[in-house]
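Just need the whole structure built from these sequences, with the hints factored in.
Number of protein chains: 2
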Amino acid sequence: MSAMNTVNVELGERAYPIHIGAELIGQTDLFAPHIAGSSVAIVTNSTVDPLYGDALRRALAPLGKKVTTVVLPDGEAHKNWETLNRIFDALLTERADRKTTLIALGGGVVGDMTGFAAACYMRGVAFIQVPTTLLSQVDSSVGGKTGINHPLGKNMIGAFYQPQAVIADIGVLASLPQRELAAGLAEVIKTGAIADAEFFQWIEANIEALNRCDPAALAHAVKRSCEIKASVVAADEREGGLRAILNFGHTFGHAIEAGLGYGEWLHGEAVGCGMVMAGDLSVRLGKLDEASKQRLVDVIAAAKLPVKAPTLGADRYIDLMKVDKKAQAGEIKFILLTRFGDTQITSAPDEAVRATLAANV
Amino acid sequence: MSAMNTVNVELGERAYPIHIGAELIGQTDLFAPHIAGSSVAIVTNSTVDPLYGDALRRALAPLGKKVTTVVLPDGEAHKNWETLNRIFDALLTERADRKTTLIALGGGVVGDMTGFAAACYMRGVAFIQVPTTLLSQVDSSVGGKTGINHPLGKNMIGAFYQPQAVIADIGVLASLPQRELAAGLAEVIKTGAIADAEFFQWIEANIEALNRCDPAALAHAVKRSCEIKASVVAADEREGGLRAILNFGHTFGHAIEAGLGYGEWLHGEAVGCGMVMAGDLSVRLGKLDEASKQRLVDVIAAAKLPVKAPTLGADRYIDLMKVDKKAQAGEIKFILLTRFGDTQITSAPDEAVRATLAANV
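In order, the protein sequences belong to chains R and Z.
With full-length UniProt numbering as the guide, the letters of the first sequence map in order to residues 1 to 361.
With full-length UniProt numbering as the guide, the letters of the second sequence map in order to residues 1 to 361.
Nothing false has been slipped in among the hints.
Note that the list lumps identical chains together, so a pair holds whenever it fits in one copy or between two copies.
The list that follows gives simulated cross-link-like pairs (lysine to aspartate or glutamate, EDC-like), each with its CA atoms no further than 20 angstroms apart:
| no. | residue 1 | residue 2 |
| --- | --- | --- |
| 1 | Lys-322 | Glu-94 |
| 2 | Lys-333 | Glu-94 |
| 3 | Lys-223 | Glu-204 |
| 4 | Lys-326 | Glu-94 |
| 5 | Lys-322 | Asp-350 |
| 6 | Lys-326 | Asp-89 |
| 7 | Lys-66 | Glu-331 |
Simulated from the structure, these hints should not be mistaken for lab results.
Now the structure itself:
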């Protein structure tokens with residue numbers, strides 16, 4: 001068994017550890033400290049449960065808790081109220097009380113919905129994240145953002161709600177489809193680009209190792225991404241300011257996802273392409289040099305992510321970006337790159353945004 | 001215009017004022033400090049909007065904000081996801097951003113749903129409570145409990161989320177139907193019974209003035225009830241301990257509401273009758289003297305509240321109480337009265353609970 005790393009997310013009374021390492025799902029002692037009551041509900045999906053459900057149930061068995069499993073349909077298209085309500089139905093049918101602990105076993109969709117269910121069930125119960133995709137290990141399990149989609153916008157309904165712990169088992173990443181791995185690398189690349197030039201260089205140098213799922217490379221990428229995100233979140237838990245930089249690539253990316261219909265492109269794919277567009281806009285507004293933008297595009301392409309946006313029409317893109325959560329009074333806020341490790345949040349002239357759309361679709 | 005009283009709910013960075021007085025809905029300067037962004041959404045219902053909607057919109061007009069009104073159907077039966085989603089639909093259609101402020105204009109159902117919508121919309125926006133029933137002025141606008149019902153349990157889905165301010169206009173109570181007034185008095189009586197023997201005596205002495213909507217009596221009842229509840233909530237925001245005493249009468253009461261179907265009895269009516277039952281159980285378990293119990297029953301009856309519970313069958317009552325949010329591992333927790341101003345939280349032998357049910361149905 002390889003060594004385990006732990007990143008602590010410093011949020012005062014809501015602080016929690018992220019454990020990163022191989023074969024962590026089977027380790028009873030990682031779960032034990034975070035389960036206070038007599039019952040546990042594992043929330044997972046129809047793809048992940050057959051792969052890791054039994055391992056998790058075996059790890060929990062020695063604790064002598066009542067364990068229920070709620071199996072949701074797989075995919076972003078199901079990240080809605082109807083699916084969320086299946087969790088509530090199961091909890092109430094099983095008479096899960098306020099001391100119950102939910103365990104999210106799956107990717108970002110399972111994590112976001114389980115976290116939101118935990119935030120709302122009886123006005124708040126404990127939950128543990130066991131992210132099983134690279135994307136959710138580096139991104140959605142850090143920071144307490146939970147929620148569901150609304151037909152008029154992604155993640156529009158949700159809560160800031162922190163888990164008791166995150167258990168990121170690197171071993172499960174070997175079974176990820178290539179598209180899912182690339183989608184996770186998009187957030188790794190984003191984290192380096194916005195906050196740590198040295199880490200960005202490391203990603204450029206190690207992109208092939210990451211592409212072939214090298215465990216040591218992945219463990220470092222997850223650890224460093226979590227550290228960076230944890231420090232940003234600790235400084236700004238509820239996204240009042242600094243935290244918005246984590247949305248680099250997301251303004252364009254969310255428009256791609258919403259415009260195509262959720263689930264058509266993976267979130268990470270949309271963010272990958274969204275970073276190319278945000279980089280282009282950064283250059284167009286004189287914030288970033290062309291060579292840096294090219295390095296950004298190159299590493300995104302090397303991670304096998306799309307760098308050309310789907311055709312939706314410029315008006316539709318702009319319309320979709322106006323309902324972005326960062327928009328204020330209808331004005332779109334863009335996170336622009338000024339150099340690797342540094343960003344600027346600003347509105348942009350309509351012509352520049354349209355030029356970026358024209359150049360990248 | 002009569003004097004205005006302000007009760008401050010001390011919750012650190014989530015502290016907020018409760019303004020209590022006549023004709024407050026029309027006072028622009030009470031709203032102005034709590035509206036930061038460029039848009040406001042009034043959430044109300046089809047009964048309240050024709051009565052007070054225009055007055056509130058006139059008060060907001062000088063602020064120059066974009067004001068939207070969302071009119072929900074009236075009644076506890078509509079306190080569900082479908083109705084909540086109408087708020088989200090309206091906010092997204094109007095492109096309400098993160099700086100938007102929701103104003104709940106109505107009773108407890110409107111307040112609970114608007115508060116929960118504010119807690120969840122874009123992971124949290126500001127809201128102001130303008131409670132228009134006695135019940136919501138003394139109870140549901142203080143303490144940050146928000147939520148909706150689930151077919152398997154009342155208020156099972158929700159959040160602790162504090163408003164920016166509560167504006168309790170005593171003037172609106174004159175138009176309340178008698179049943180609604182009595183339902184509010186149930187919570188006033190509860191507050192005195194559990195926390196302040198002197199206030200309980202005041203209620204006994206002034207019950208006729210309260211019944212005929214005497215403004216001075218109502219203003220004092222609302223102020224003292226809010227003060228007491230505010231001090232309990234400040235000590236225990238998330239109901240870890242002390243705050244549970246506010247549920248006196250609610251364990252039986254929730255079972256009555258759920259058993260009959262939400263909306264059949266008003267919440268306050270169920271709590272009134274629930275206090276009679278909790279008082280009976282307190283005597284049966286040797287916690288309370290018979291004379292005090294009789295005083296409790298007498299004042300509940302004098303407030304024109306039901307003192308006999310509906311026939312549901314003892315098994316059904318017990319079943320319903322086991323899904324109460326206070327239950328732990330299937331064991332029902334009762335809040336018992338030991339004397340006026342003092343309570344005890346405990347489980348109870350099945351025979352005693354059944355005897356109470358038999359004696360009060």
